[in-house]
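Put chains B, C, D, E and F on the given structure of chain A with help from the hints.
Number of protein chains: 6
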Amino acid sequence: MFMHNKRLQYTVRVSEPNPRLACLLLEQFGGADGELAAAMRYFTQGLGEEDAGRKDMLLDIATEELSHLEVIGSIIAMLNKGAKAQLSEGQLAEAELYSMVGQTGTSAKESLLFGGGPALIDSAGVPWTAAYVDTRSEPTVDLRSNIAAESRAKIVYERLINITDDPGIKDALGFLMTREIAHQKSFEKALYSIEDNFPPGKLPGVEKYSNMYVNTSQGEGDMTGPWNSGPQWDRIDDLTEVMPADDGDGLATVDLDSADAKVVAKMAARLASDATSDPTTGVDLGAGPGAGRVTDGDFGGAATIAEAPAMAEAAAKDERN
Amino acid sequence: MFMHNKRLQYTVRVSEPNPRLACLLLEQFGGADGELAAAMRYFTQGLGEEDAGRKDMLLDIATEELSHLEVIGSIIAMLNKGAKAQLSEGQLAEAELYSMVGQTGTSAKESLLFGGGPALIDSAGVPWTAAYVDTRSEPTVDLRSNIAAESRAKIVYERLINITDDPGIKDALGFLMTREIAHQKSFEKALYSIEDNFPPGKLPGVEKYSNMYVNTSQGEGDMTGPWNSGPQWDRIDDLTEVMPADDGDGLATVDLDSADAKVVAKMAARLASDATSDPTTGVDLGAGPGAGRVTDGDFGGAATIAEAPAMAEAAAKDERN
Amino acid sequence: MFMHNKRLQYTVRVSEPNPRLACLLLEQFGGADGELAAAMRYFTQGLGEEDAGRKDMLLDIATEELSHLEVIGSIIAMLNKGAKAQLSEGQLAEAELYSMVGQTGTSAKESLLFGGGPALIDSAGVPWTAAYVDTRSEPTVDLRSNIAAESRAKIVYERLINITDDPGIKDALGFLMTREIAHQKSFEKALYSIEDNFPPGKLPGVEKYSNMYVNTSQGEGDMTGPWNSGPQWDRIDDLTEVMPADDGDGLATVDLDSADAKVVAKMAARLASDATSDPTTGVDLGAGPGAGRVTDGDFGGAATIAEAPAMAEAAAKDERN
Amino acid sequence: MFMHNKRLQYTVRVSEPNPRLACLLLEQFGGADGELAAAMRYFTQGLGEEDAGRKDMLLDIATEELSHLEVIGSIIAMLNKGAKAQLSEGQLAEAELYSMVGQTGTSAKESLLFGGGPALIDSAGVPWTAAYVDTRSEPTVDLRSNIAAESRAKIVYERLINITDDPGIKDALGFLMTREIAHQKSFEKALYSIEDNFPPGKLPGVEKYSNMYVNTSQGEGDMTGPWNSGPQWDRIDDLTEVMPADDGDGLATVDLDSADAKVVAKMAARLASDATSDPTTGVDLGAGPGAGRVTDGDFGGAATIAEAPAMAEAAAKDERN
Amino acid sequence: MFMHNKRLQYTVRVSEPNPRLACLLLEQFGGADGELAAAMRYFTQGLGEEDAGRKDMLLDIATEELSHLEVIGSIIAMLNKGAKAQLSEGQLAEAELYSMVGQTGTSAKESLLFGGGPALIDSAGVPWTAAYVDTRSEPTVDLRSNIAAESRAKIVYERLINITDDPGIKDALGFLMTREIAHQKSFEKALYSIEDNFPPGKLPGVEKYSNMYVNTSQGEGDMTGPWNSGPQWDRIDDLTEVMPADDGDGLATVDLDSADAKVVAKMAARLASDATSDPTTGVDLGAGPGAGRVTDGDFGGAATIAEAPAMAEAAAKDERN
Amino acid sequence: MFMHNKRLQYTVRVSEPNPRLACLLLEQFGGADGELAAAMRYFTQGLGEEDAGRKDMLLDIATEELSHLEVIGSIIAMLNKGAKAQLSEGQLAEAELYSMVGQTGTSAKESLLFGGGPALIDSAGVPWTAAYVDTRSEPTVDLRSNIAAESRAKIVYERLINITDDPGIKDALGFLMTREIAHQKSFEKALYSIEDNFPPGKLPGVEKYSNMYVNTSQGEGDMTGPWNSGPQWDRIDDLTEVMPADDGDGLATVDLDSADAKVVAKMAARLASDATSDPTTGVDLGAGPGAGRVTDGDFGGAATIAEAPAMAEAAAKDERN
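Protein chains in written order, with the numbering used here: chain A, 648 to 968; chain B, 648 to 968; chain C, 648 to 968; chain D, 648 to 968; chain E, 648 to 968; chain F, 648 to 968.
There could be a bad hint or two in this list.
Where chains are identical, the list cannot tell them apart; a pair therefore holds if satisfied intra-copy or between any two copies.
What the hints assert, rightly or not - Subject to a maximum C-alpha distance of 25 angstroms in a straight line, what follows is the list of computed DSS-like cross-link-like pairs (lysine-lysine):
(1) K855 with K653
(2) K849 with K702
(3) K849 with K913
(4) K909 with K849
(5) K702 with K913
(6) K702 with K909
FYI, nobody ran anything at the bench for these hints, they're computed from the structure.
So that you can see chain A by itself, here it is in the shape it has in the complex (with noise of 0.2 angstroms):
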């Protein structure tokens, strides 16, 4: 069972409204890697487990998660303050309000549809999804789902403390990046104390797909490393070796009953193409004087750039008479 303190994890103290920033900042509120996405990962997790330790670790951290999304969403909320009650009583002139909500995107939308709270969108006002949940109830999975996630959600605070100034907003920043770092900390030791994680699941790998590199990206530019070289890899750069890489045709096959062969068969009769007609098409019909036209010269590239601009002012002059 949930319980609440009317304190923060973190003391929230905020300069000066900016509902711009406020915008921001929702990445970390309703975004891909936000508290939220991270609560609920290690929630439903932690609902999943059997092994007592992991899902007591899970539930702390989760918890923990759901104090993050606290702190940030009442950063968001006092960044907006102003402009929340500005909107509310409607006593400004036009123009400042215009201004202030925004001309158009995710200001607009948290102003005009969210009132100025703190809404469960990312910094493009697209609504946060379960997509962005990847608990698969497998642990050497999940946890390393989870130390990616972390790893994900401390870069964005990264970028967000650079380009904020306000300096408790920094402070609360810095203090949820540092729970990130401390979190991938948890989750490495909780994976490597599993014996034999790797690899996943319980069923090997089959031998010799298991060593195999495949250079499918070939031309100037090619490299060698330790994922792709070395006595542990077998390299192939001869792509006609791994087309198949059984000892097939390379061809996908399924064996149908006559009666389904026969109605397959009138299918592909009934819908054939005459490969050796030359139709007119709805192109043809609809080329009117000026349609199928090409210009043989190219759009102001570097070669052509001279003339190009000649040709749009020829083109629009013709155009305005």
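Positioned in the frame of chain A, the structure of chains B, C, D, E and F alone reads:
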């Protein structure tokens, strides 16, 4: 630039059509951990990468994932081949088609909307979304996300292998699953060949918060482990200690100029609730003879299981008249 | 700050595993009227609220909804416990697993992607979205939304109770359902303790439009009731009266400067359709021997039911050859 | 059956084109509380309604909301008329077009993708989703949702009126806002003309939980009001009383048969974490010379504001070399 | 199987970084008509296609679209190159970063979440969704969708070319735009080389409804053209003629068995509204001194423009006291 | 302005309730090619259209599609009528209700969340999204999209007709399907009555790229047809010819000023991978006794089918001990 060869990376031999199984396999075609998500994760990273070695690796693996998308999509196409033709030609009796199409859900959508073709939806019929792609343009973050993503893909393939008994499909899924293992190994090598990869990004954490473990979930079941105990952790069990973690008052505040402060006060006054009132409400208006009605029994729980059906019985009898 | 105690707000006693029932209960975990939506609705309102009493109430109820999320998630985890382990250990025969996983749809996704853990999806497998959260930061609006949301949650619990016969689950759902009733009562009290709560907001309506009822749907079945008749309503049956409602011409116009007007005219001229032409179209090109074909019969309706199958029969026979 | 007359329900007179303002108004065209959401909410309710009076009312109001969608869409079309033509004809200099289109966000999408036409997106460019429609097919629930929805729409119109100074637009928005007030009144009448409308549905609540108020958020700021105090409430401040609310142990349990129990145990054993270990982790591997680095300073908070820039300065200088 | 060569299909020469322009170009990377949508549309069609010629064409064009995705993504990466590094290294002053990142919206999300890398979002920051892919597995349908999709992509490129003045970008966009024209021509050829491609599918239409044009929108502005007049059309202006179009009563009915009929009647009775009542409602409760207040003036429209500001002035003055 | 008459455009006579069939029909109510998508596509085009003839046609057809939405929604309401009442009154035994509601997926959501009313979801339960609406405000583009959309809707109706044997439903679907054919004909007429409709828009293509066909998919199965051969095509089989298509180096470059160049270099240096290292990785840490394990067998493919079960058997036996 991409090129394509009509041979698959792995030969697809399907024993017989099975539209229901096809729906399960959609999870790896248009699902959260499917091959499109993988390809797009690495492709978007590769486009923006400055390190020539990682860029090459990312494009290699992205391109291979596209080939995997082709393999899994080809299996789905084979499993649906008969159903697709039967639907197209409309020659089955209704009952047969109805049964083939599925009564509701993914298989219905697969048949009715997508006509039996492979569609970028998951096994529940939800369209693929780029919200699954967690590229953040910071290699020490992205490589961790890639490691986690490969783990997730591995476990989903393992689950699919367990529920399938078509040997050709098992073989192809085994190949695909093993390649995820190999890719995870490459990404691990790439991560650890970046010196100083933790914490990700450039800003350090704040020392006093980086080793703190907050035991927010308490009660029977509280556990210790390497993730919260030992010399590196400063574990906090008395939650008031971290409420707030800094030396402030744990409140959220903002400095408002006098104009803003005035309008906030005005708004608050206008919308104040009268905490001393006991207003009549819509609930009171709506409470008819049976409204607001409650039962003093349970709904059939362990203790009252004997009486509950009788109660329901009686109520039902009452209503039947 | 949030805290957690490992005891649930209501004891969860599940009689036996039932992954299918778990999928139905997902509606209240990750569905539109589920507990996450409730918690986030009140939490976001609470963060931005100025009135101390309402803020306290909103955080109280938000926190309780998180505890409900935990209860419903725990039921789901129990119902899936066996299936999750069987999937993880892969020891069942394929047919058993196949049957357990479900053939398509939510239960497939629950098993294959989420491994049997509680996931923030609804009963059809659609991920939770913050589009469900309708906080608007105006208390006379938000409290009405809360009242409605509690009503919706109540009815969904009622439907779930009706389809479940596990007494422990019925008990827990009965508790959760009743709490929604209690919350609705709190929100009603809070709404009506704001004097002058209608219309919401500050701007008054325009008198002549505020009592007008427009009878836009006419024909047999036109009815009267307190919502459209009586002294307070000005009911309009002659629709031309409100077309337009003001004294204008009912057209949409904008004053363009001459530059804009000129380019609009140019665009209109360039893209004008020749209404007097009768052009050959793609349809004409595509009309093969059977194209554009129509039947003068119905598809089997009441009047023609006898002939319809024969017709289909004949057509089918024709095609089989 | 629907019919259409080319005159609008309210005359639209726009003073001058303004694509930015058009983007704000999209909130009521394709936004969460916009006219499509309203029309579809009442239309889906009307189709399934058994009560002839309510069905008539729902179709009346649904149809009127479609007319409102037309009014708001027409305003948007007028505001974009010049920009649309300029874009189409491509005669402006790049800088002018660039400025007209907007640099990023909604106005860019409106211009580039939608060509200046009214689009079913909100003011942040997010496509309309039926997740906004909360029809539940129970009239005492749906009417409450309708009352809330009309309140939300009213406040959004009020905010739009406040930021617009075009008198023709203000007039039309005033009409639309007032109609929401009138609709709310109709829905209230319809709700209360159902006797016994609370609690919604048919199942009563459990008495002992229906008057309980759980004070889950405590600390300074704890308040009382009619929503949690007075004779009708049983307020619980000692949270251990409701942990659990029933007389159980507050745990989640399920009865597993022996086969399931065995495989759960096996899974748990295989994936157990060794809580006594202190494993080396990826973090340890990744900690280069500066990794795991922390700072003992704040990021510039109130107390340390003087030093913080200096610290940053120094760090930056260090890095510039 | 896919392969990749590190050379692009078209050389990308960007004159200077411009993160704002990068956001506009995202429309063709992760937008509705962008290159991923194109590639996936043709790829999913190709996988399921039976006709060898069309299959080859679909895979050819799908593969080329992937190369276009790479070109457009590379332009975006170049435009963001400076901003990405500045963000990563955090050396700019806050104001500079703040201005570079953008104040809200897409460019903020691009910078803060995606770190300046190309992301699969559109110009408003909305993630790509497979809902854009309209493959239906019927070639006479899909080829029409492809023709339309190429047209849409063409016009979006045209709009982008018009707002850009970087010659290298204009060149590359001109190449991409032209390829859409070429692809449309291929799809048209493929459609019309299927004999008998209209109507799509196999079932004929019902004759009496296939030439009927229903003039549902009437009033000033009613027009004729080849789409609704001429010998092939049976135009219906008297709408009661098509209400219903068949010879029935225009009602919706279902045959219920007596058990169902009884319970429907019971439900209807329980939830009947009393159309003769005039109940007190929540609106009445909520109407304080100013509630339900209306104004008899307009909000500042053409007729009342002179008085409106005065009214607002007065109201405002009233409130300031 | 819209008006409504209570008679349907086509009489709906349903033989008996069938909630499962109702779920299939949702595809045309709230699905991608359903009637709401159609209505909104034409309505948004009509609002912004300058050509009076096309505007009239678009509003005519948009309005008719709303009437179709009403017809299909009414069929769904009739099919669900019994289930809705049984759910509402809660009088069936659990097993009956459970069976009626459906075990998981769309029918569960339809019953539990939507109470049996028609909901704007598709046959898999996914909410309708305006991402389905592809209006682009350029008539030669939009009319092609409309033609394609009508084709898609036609084929989905055909598939529904094939799986239904209720004669009244077949009749109504036949009517709706035929109207899509008629609408396609209107849109074709409108497209070709615009002279010079290809390529869409105003900018011509670049000549040298407009007739080029790039044979990017090669190998067995390479085909020719009118879409890639004949005098109008310049077919490129040697892919290095189009790599790049222009005369550049096929690389992506941007001119950076020296400040940007410096910081890019700094970032690259900081994050460089050491390609010559062979670092220990998390995989190495996680490799327990069985970790990194691979099998040299297949998973049961054609060649090894005899051994595979034995292997699995043995493994299972091993694990059972």
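Now for the hints, and whether the structure bears them out:
1. K855 with K653: between (59 angstroms within a copy, 23 angstroms between copies)
2. K849 with K702: Classified as within: same-chain Cα gap 21 angstroms, cross-chain 32 angstroms, threshold 25 angstroms.
3. K849 with K913: The answer is between: 12 angstroms across copies meets 25 angstroms, while 45 angstroms in one copy does not.
4. K909 with K849: This pair counts as between: shortest inter-copy Cα distance 17 angstroms, intra-copy 42 angstroms.
5. K702 with K913: Between copies, since 17 angstroms is at most 25 angstroms while 58 angstroms is not.
6. K702 with K909: between (56 angstroms within a copy, 20 angstroms between copies)
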